[in-house]
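Residue numbers (this note's numbering), protein chains in the order written: chain A, 367 to 806; chain B, 367 to 806; chain C, 367 to 806; chain D, 367 to 806.
Quick caveat, the hints were computed from the structure, so don't treat them as lab data.
Among these hints, one or two may not hold up.
Where chains are identical, the list cannot tell them apart; a pair therefore holds if satisfied intra-copy or between any two copies.
Unchecked claim - With a straight-line cut-off of 30 Å between C-alpha atoms, the simulated BS3-like cross-links for lysine-lysine are:
hint	residue 1	residue 2
1	Lys720	Lys688
2	Lys462	Lys480
3	Lys680	Lys423
4	Lys578	Lys720
5	Lys423	Lys462
6	Lys480	Lys503
7	Lys423	Lys371
8	Lys478	Lys423
9	Lys462	Lys720
10	Lys523	Lys688
11	Lys578	Lys680
12	Lys503	Lys423
13	Lys462	Lys503
14	Lys462	Lys680
15	Lys680	Lys478
16	Lys462	Lys523
17	Lys688	Lys478
18	Lys503	Lys371
Chain residues, written in single-letter form:
There are 4 protein chains.
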Amino acid sequence: METSKQHIEPAAGRLGVLTVGLGAVASTVIAGVELIRRGLAEPVGSLTQMGTIRLGKRTEDRVPLIRDFVPLAGIDQLVFGAWDPIADTAYEAAVKCGVLDRFVHIEPIAAKLKEVEPMPAVFDQNYVRRLEGLNVKSKGGKRELAEALRQDIRDFKAAHSCDRMVVIWCASTEIFLEPGPAHQDLAAFEAAIDANDPSIPPSMLYAYAALKERVPFINGAPNLTADVPAMVELAHEAGVPIAGKDFKSGQTLMKTVLAPMLKARMLGLRGWYSTNILGNRDGEVLDDPDSFRTKEQTKLGVLDYILQPDLYPKLYSDVYHKVRINYYPPLGDSKEGWDNIDIFGWLGYPMQIKVDFLCRDSILAAPLALDLVLFTDLAQRAGLTGVQEWLSFYFKSPQHAPSVYPEHDLFIQQTKLKNTLRWLMGEEQITHLGIEYYQD
Amino acid sequence: METSKQHIEPAAGRLGVLTVGLGAVASTVIAGVELIRRGLAEPVGSLTQMGTIRLGKRTEDRVPLIRDFVPLAGIDQLVFGAWDPIADTAYEAAVKCGVLDRFVHIEPIAAKLKEVEPMPAVFDQNYVRRLEGLNVKSKGGKRELAEALRQDIRDFKAAHSCDRMVVIWCASTEIFLEPGPAHQDLAAFEAAIDANDPSIPPSMLYAYAALKERVPFINGAPNLTADVPAMVELAHEAGVPIAGKDFKSGQTLMKTVLAPMLKARMLGLRGWYSTNILGNRDGEVLDDPDSFRTKEQTKLGVLDYILQPDLYPKLYSDVYHKVRINYYPPLGDSKEGWDNIDIFGWLGYPMQIKVDFLCRDSILAAPLALDLVLFTDLAQRAGLTGVQEWLSFYFKSPQHAPSVYPEHDLFIQQTKLKNTLRWLMGEEQITHLGIEYYQD
Amino acid sequence: METSKQHIEPAAGRLGVLTVGLGAVASTVIAGVELIRRGLAEPVGSLTQMGTIRLGKRTEDRVPLIRDFVPLAGIDQLVFGAWDPIADTAYEAAVKCGVLDRFVHIEPIAAKLKEVEPMPAVFDQNYVRRLEGLNVKSKGGKRELAEALRQDIRDFKAAHSCDRMVVIWCASTEIFLEPGPAHQDLAAFEAAIDANDPSIPPSMLYAYAALKERVPFINGAPNLTADVPAMVELAHEAGVPIAGKDFKSGQTLMKTVLAPMLKARMLGLRGWYSTNILGNRDGEVLDDPDSFRTKEQTKLGVLDYILQPDLYPKLYSDVYHKVRINYYPPLGDSKEGWDNIDIFGWLGYPMQIKVDFLCRDSILAAPLALDLVLFTDLAQRAGLTGVQEWLSFYFKSPQHAPSVYPEHDLFIQQTKLKNTLRWLMGEEQITHLGIEYYQD
Amino acid sequence: METSKQHIEPAAGRLGVLTVGLGAVASTVIAGVELIRRGLAEPVGSLTQMGTIRLGKRTEDRVPLIRDFVPLAGIDQLVFGAWDPIADTAYEAAVKCGVLDRFVHIEPIAAKLKEVEPMPAVFDQNYVRRLEGLNVKSKGGKRELAEALRQDIRDFKAAHSCDRMVVIWCASTEIFLEPGPAHQDLAAFEAAIDANDPSIPPSMLYAYAALKERVPFINGAPNLTADVPAMVELAHEAGVPIAGKDFKSGQTLMKTVLAPMLKARMLGLRGWYSTNILGNRDGEVLDDPDSFRTKEQTKLGVLDYILQPDLYPKLYSDVYHKVRINYYPPLGDSKEGWDNIDIFGWLGYPMQIKVDFLCRDSILAAPLALDLVLFTDLAQRAGLTGVQEWLSFYFKSPQHAPSVYPEHDLFIQQTKLKNTLRWLMGEEQITHLGIEYYQD
């Protein structure tokens with residue numbers, strides 16, 4: 367493997383960030399970035415802001431911050447905008463969703479948050495049944511809607527003097543859609559737009575609009591959206607990166623840590639029962655079985671890929687895996703995931719692991735969104751187009767090349783991400799061999 | 367890094383395995399190996415027996431079993447012996463400790479288990495206060511005891527026509543000892559033996575005897591034992607590997623998986639409260655505060671090394687870490703570890719993870735003991751002497767070179783182990799970069 | 367309240383017990399009674415066998431065993447029979463359901479268990495969809511089936527020289543049925559039988575047959591069955607007691623203990639999320655949404671009655687209560703109930719209780735079945751007919767007089783049961799006032 | 367039992383409440399009462415404020431509020447004062463202990479809270495080692511200190527025009543003291559005060575001073591204090607009630623609910639492991655083994671009394687009960703109790719219950735303190751002197767007459783309390799017999 371540095375354009379000027387959805391996640395990102403800028407809070411959870419990277423050998427003691435190592439946009443360079451079917455500003459959204467402490471983290475930056483007013487959204491209740499909103503684009507055909515979104519992107523860029531843009535989906539989960547003929551190549555996709563084909567949900571119009579404007583697109587929800595051949599084709603054609611899908615924030619994060627442990631230790635698995643209770647808008651949307659089905663797909667696949675039952679039939683070929691999500695309003699934006707894991711060890715003896723994760727949805731998701739914005743922008747400046755597999759670290763259902771299986775193991779994902787940064791900057795890959803410390 | 371294969375002697379003939387202690391762990395290993403030989407049970411939990419290793423690129427699909435890839439001794443080649451201060455055979459030990467189902471897993475191999483009778487032990491209640499036994503070597507000085515152990519090893523090897531031997535400590539935890547002057551070099555150590563110095567506990571006599579007989583020594587408990595300069599010096603001089611210390615089997619295994627997750631995601635940590643309840647002989651011994659202190663050291667260090675508070679002061683410099691072990695007879699050989707983990711995320715918001723691990727001590731430890739025996743024997747045949755850092759994967763407190771810090775992260779340990787096997791066999795290191803799938 | 371003793375017929379002769387269903391619960395009862403008779407096990411969980419009752423004042427120290435206080439049939443007097451659509455004997459049922467240790471608790475009494483062969487059942491898959499069986503009565507109309515059951519009861523009584531009989535439902539949950547016109551009085555009910563009305567499920571035919579034969583009927587499942595006016599009318603007419611419904615064995619038992627604690631302490635409740643995983647035949651049947659609906663009714667009602675939101679609107683009028691049951695085969699007959707309870711205290715501050723109950727379905731249910739058989743037989747001999755509210759202690763959804771609300775609080779139920787026994791025997795009621803110890 | 371009403375003096379005028387200790391509990395009570403007065407919060411958790419009592423038969427539907435049924439002082443009549451070795455006002459204490467939301471529940475009543483300034487305390491670090499304070503009475507002998515406390519009570523009563531007073535211990539746990547000769551009668555006790563005997567800790571001086579002033583004394587901590595014959599003698603002589611000891615607020619509350627369930631159902635118990643983590647001043651004090659020992663006594667006794675191993679040797683004579691408390695600062699005033707309960711059922715089969723109680727120490731204790739103040743004042747007006755067993759409901763280690771055992775079962779305690787109120791007011795005792803609904 368050559369270790370020469372790749373060419374990367376500098377991160378000069380302003381980076382416009384448009385969030386699709388201005389709810390709990392987006393308002394938590396926007397408020398957080400402002401608080402961090404002012405030194406009122408720390409960007410905990412963000413690899414780009416707090417993470418380091420080890421370079422060279424353990425004894426060299428070279429461990430810079432990632433943001434000092436690769437040329438990322440600084441958080442001072444970010445400018446936020448949004449679309450949402452509900453007309454609340456970022457201030458109103460933050461107050462209503464109840465994630466942040468009002469007195470400590472909202473009121474001090476109220477003026478700034480009130481500036482972020484959502485543009486009218488492309489929204490269709492056929493795809494997200496439990497929501498409704500009035501701040502929507504007056505109905506035209508899908509082509510008109512896509513063009514309107516492209517115009518929004520251009521207008522925002524001009525109005526805020528941005529040098530570059532990123533679009534990120536932070537909205538609710540759409541109903542389950544199978545990839546169909548309209549998604550197989552760009553020509554079919556364009557035709558389907560023109561025909562108002564129902565296989566083109568709003569999320570695809572956002573992704574299409576972004577890519578056509580040569581703007582990277584990130585998908586934080588489990589919708590198909592950009593995870594179809596037509597979109598990958600467009601991304602390569604336009605020379606922009608895409609990243610997705612579904613932020614890996616709570617129970618699945620835990621799962622992609624514990625399943626690798628079982629496999630590392632060759633401990634067998636008989637069953638894994640996961641139940642979630644959550645009380646926010648996301649929970650309400652997922653109470654619709656069709657939206658849940660979309661989510662269930664990304665949640666269930668994880669174990670199969672990590673555990674490789676084909677390689678280990680005696681350990682993993684008969685796993686009973688069940689995932690439940692329940693809307694439970696008393697929790698608000700808090701989210702609780704309870705897992706019961708039935709494992710077996712030496713000679714087949716059964717044991718159990720039970721995990722209760724009392725987490726906060728938007729607090730876990732916000733730093734992922736920030737990192738993805740900054741890394742995707744880096745990818746574009748480094749000329750990396752199409753699917754960014756090295757960002758699998760952030761996703762429940764990482765997009766990947768058709769020739770390979772996805773990597774779900776959090777630690778392989780982390781190694782992949784960091785070795786990609788090393789490769790970009792011409793540093794040696796880390797293998798953890800370290801035999802040299804024990805040989806003459 | 368060159369990728370030429372290392373020279374490794376073939377694994378011909380019989381491999382004698384002497385366990386120090388013939389209690390729950392040792393009898394579970396011995397019974398298990400016999401059951402597996404006869405096809406009556408599976409070696410679940412054993413990387414050497416069930417694990418695979420990926421070679422080359424993801425698309426090559428080369429994933430052999432580890433035991434087909436590196437030349438390990440087969441389980442048919444193993445012959446077991448033991449020392450124990452209690453005269454029970456492996457059969458009686460297995461029945462009493464209650465780990466295995468008597469009808470399914472003990473009676474069918476009773477004759478074989480009865481053959482394993484423990485040799486009289488070197489035992490001193492000053493170092494393990496809650497135990498007593500009559501099957502002990504008649505008191506002489508420490509030098510005489512060491513020589514008697516050497517003679518046991520030679521006798522066993524001859525009596526069972528073994529080609530090679532391994533000694534593994536599967537006994538109770540000794541009281542806490544600080545490394546002292548007698549441990550700093552081999553000459554001082556030898557002098558201390560001759561002087562019956564109290565800084566030389568029984569476990570060091572076992573390790574010394576093994577190494578002097580050019581037999582690898584493995585330490586499954588947290589005692590100092592071979593983790594002192596004098597022993598490393600002797601290991602190099604004698605050309606044998608040593609591996610230790612303290613099997614990483616339950617709560618610490620979990621900790622070295624969850625802490626890396628927190629660090630990977632830059633989630634902060636305020637406190638980690640771990641409590642254990644266990645009801646076997648190990649629990650009884652650890653109820654002695656001096657034995658517990660030894661254990662506490664190996665259990666507490668883990669977080670500091672993984673979390674690197676110097677690199678991440680805002681996330682990990684103020685962690686309140688508490689570990690408790692309680693003897694609780696109702697559990698028998700079962701062991702339950704309950705962890706409450708107080709973390710914080712974006713802008714400092716608190717969250718909690720609670721883990722309840724209902725495990726079985728000996729069931730988790732047995733495959734580790736088997737793997738360590740086979741890998742240590744491999745190391746010796748490959749000419750790797752002294753500390754085997756690549757076996758850190760198996761230990762709570764891995765021995766390491768003085769020039770580097772220990773690796774506690776289970777996934778770094780796994781990468782290190784597998785890349786060491788690749789290096790031994792002349793295969794390429796795996797880096798998970800995989801950028802080639804996304805470039806033209 | 368007068369304290370004169372009630373007249374009770376002696377418990378002479380043999381008591382025949384017919385279980386509807388010969389699965390996990392019934393076989394565990396039958397095996398257990400035999401083991402206890404032989405001194406091979408203890409009747410843990412049975413109030414009639416192990417319970418005591420305090421009489422008079424605390425200082426009198428009169429605390430006899432309940433079975434020495436009231437004239438119950440002894441377990442030596444019991445003779446078991448059963449109906450089941452599957453032809454397995456009690457021996458085969460016990461082996462298959464995996465509740466009891468085969469070597470310790472099944473094989474020693476195998477001959478006895480094999481004697482219990484199920485009579486052909488009245489079974490209809492329209493009412494229990496996930497089961498099927500061949501050991502069923504050849505189809506006739508509902509009247510013929512009812513008559514066949516009556517004949518079975520008479521035949522069994524004669525064949526085994528029984529003096530008295532009891533019929534107890536230990537079978538699967540039928541689909542949800544609303545009480546309808548056919549259930550309102552006995553005449554309508556008889557007409558519906560003759561008309562093969564679908565509102566008469568098999569369980570009602572069993573109850574009808576028992577009552578017509580002047581045999582008490584107990585319902586361990588949540589089916590409507592005897593909980594309709596027509597059946598209560600028949601019970602009074604025939605002079606027999608009825609008791610039901612749905613054994614209170616696991617999560618609901620816990621709920622009827624914790625909810626009274628909240629109310630006793632005036633702690634508020636915002637939400638209660640209960641999830642169950644279980645892997646036996648019961649779990650499989652409840653995976654059918656229509657059977658689950660029947661169960662859900664008995665599980666949900668509990669909180670409302672205990673917490674009295676009308677009396678305490680500020681504490682309990684806005685409770686989000688959700689109950690989930692999931693079929694999860696890895697658990698077998700074990701059953702795990704996880705509850706998350708969101709409470710609030712002083713000034714409204716939130717707190718949480720989480721309970722994980724790792725229980726065994728049939729082990730919990732078996733002693734309830736035994737107690738109910740013996741107490742119902744006692745009731746009949748004491749001339750108590752119709753609904754036995756004092757047995758509410760045993761049920762998730764206790765039948766009760768139309769004029770009063772049901773009591774769900776376990777401790778009120780226990781007081782009611784014990785004070786009823788005191789009343790039957792002419793002893794004073796216990797009030798726990800005890801002011802006399804503190805006054806001159 | 368006669369049902370004539372007892373004579374009770376009216377609750378006219380102001381009731382002075384002096385808390386010993388002005389920390390988390392006391393400041394939470396004082397702030398709460400003020401907020402409730404102003405309609406800014408609800409007295410959740412308080413039986414006197416929110417509880418009802420059922421009178422007569424179920425069908426009568428007579429269920430008044432307790433405060434409408436018995437003549438209690440109203441919260442508008444309360445005036446608070448305190449002693450504390452730290453000079454913080456109730457405002458400063460509330461801010462520092464972090465129990466209440468500052469903006470919602472502290473600032474709006476800041477002026478009122480600042481009025482409560484602690485009087486100098488009688489404090490001696492020999493009895494509470496982990497605390498220190500400067501706001502203490504200048505050292506005199508124990509007699510002088512007791513007289514100073516009496517003077518404080520008289521002064522406060524006069525200064526605030528109180529008609530009646532109550533003193534309640536809300537301070538830290540003193541070290542463990544065995545009852546000795548000095549505690550056996552009042553004469554010996556008086557002599558020990560005069561002799562500065564070390565068997566008289568500060569808490570006894572407070573109790574002594576209160577009783578001498580004919581003021582009821584309540585003990586919220588596990589110290590011996592008023593739980594000795596000398597104090598009971600004094601209480602009777604002075605004609606005042608005493609109530610104690612140790613608020614039953616968290617894990618023990620749960621234990622006195624779950625253990626009665628086990629006994630009600632005749633489920634056996636093998637072991638109960640309780641661990642607590644808490645981060646407030648109380649946790650810090652209990653980190654001293656001598657203070658913990660005092661607490662441990664009140665926590666351990668509970669099971670024995672409830673389970674009656676003498677009556678049920680097969681179920682409860684071999685219980686392994688362990689209680690651990692760990693100071694764990696990340697929790698602050700939150701307190702988490704984790705219980706693992708090993709039970710066994712039918713034929714001896716093992717099952718487990720695990721409970722995790724995420725509670726808040728002062729939020730649970732505050733309403734108990736309020737209720738005890740009001741009920742103790744009622745007791746005095748009703749002429750009930752000495753130990754108030756009917757208030758056992760509130761205590762971990764309820765004081766009781768020497769002739770009887772204490773009642774720990776929460777539901778017996780509740781019945782006792784409510785039947786005592788009924789007896790006071792001349793209403794019939796409730797027995798839950800209810801046989802009348804089922805007889806003609």
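Which holds for Lys503 with Lys423 at a C-alpha limit of 30 Å: within a copy, between copies, both or neither?
Neither: 56 Å inside a chain and 48 Å across chains, both beyond 30 Å.
Status of Lys523 relative to Lys462 across identical chains (alpha carbons, at most 30 Å):
Cα proximity of Lys462 and Lys523: one copy only (29 Å, versus 49 Å across).
Intra/inter-copy verdict for Lys578 and Lys680 if alpha-carbon distance must be at most 30 Å:
neither (49 Å within a copy, 41 Å between copies)
Taking 30 Å as the upper bound on the Cα-Cα distance, should Lys423 and Lys462 be classified as within, between, both, or neither?
neither (49 Å within a copy, 48 Å between copies)
Go through the copies and call it for Lys462 and Lys480: within, between, both or neither, with a Cα cutoff of 30 Å.
Close inside one copy (13 Å), not across copies (34 Å); limit 30 Å.
Between Lys478 and Lys423, at a C-alpha cutoff of 30 Å, which is it: within one copy, between copies, both, or neither?
Neither. Shortest intra-copy (45 Å) and inter-copy (50 Å) distances fail the 30 Å Cα cut-off.
Should Lys462 paired with Lys680 be assigned to within, between, both, or neither, using CA atoms and 30 Å as the limit?
Intra 50 Å, inter 23 Å, cutoff 30 Å: inter-copy only.
From the Cα coordinates, with 30 Å as the cut-off, is the pair Lys680 and Lys478 best called within, between, both, or neither?
Close across copies (26 Å), not inside one copy (58 Å); limit 30 Å.
One pair to classify: Lys462 and Lys503, alpha carbons no more than 30 Å apart. Within, between, both, or neither?
The answer is within: 24 Å in one copy meets 30 Å, while 52 Å across copies does not.
When Cα atoms must be at most 30 Å apart, do Lys462 and Lys720 count as within-copy, between-copy, both, or neither?
between (33 Å within a copy, 28 Å between copies)
Since the copies are identical, ignore which copy is meant and state whether Lys680 and Lys423 lie within 30 Å (CA to CA) inside a copy, between copies, both or neither.
Cα proximity of Lys680 and Lys423: across copies only (25 Å, versus 39 Å in one copy).
Same-copy or cross-copy closeness of Lys523 to Lys688 [CA-CA at most 30 Å]:
For Lys523 and Lys688, neither the intra-copy (45 Å) nor the inter-copy (47 Å) Cα distance is at most 30 Å.
Of the hints listed earlier, those the structure fails to meet are numbers 4, 5, 8, 10, 11, 12, 17 and 18, in rising order.
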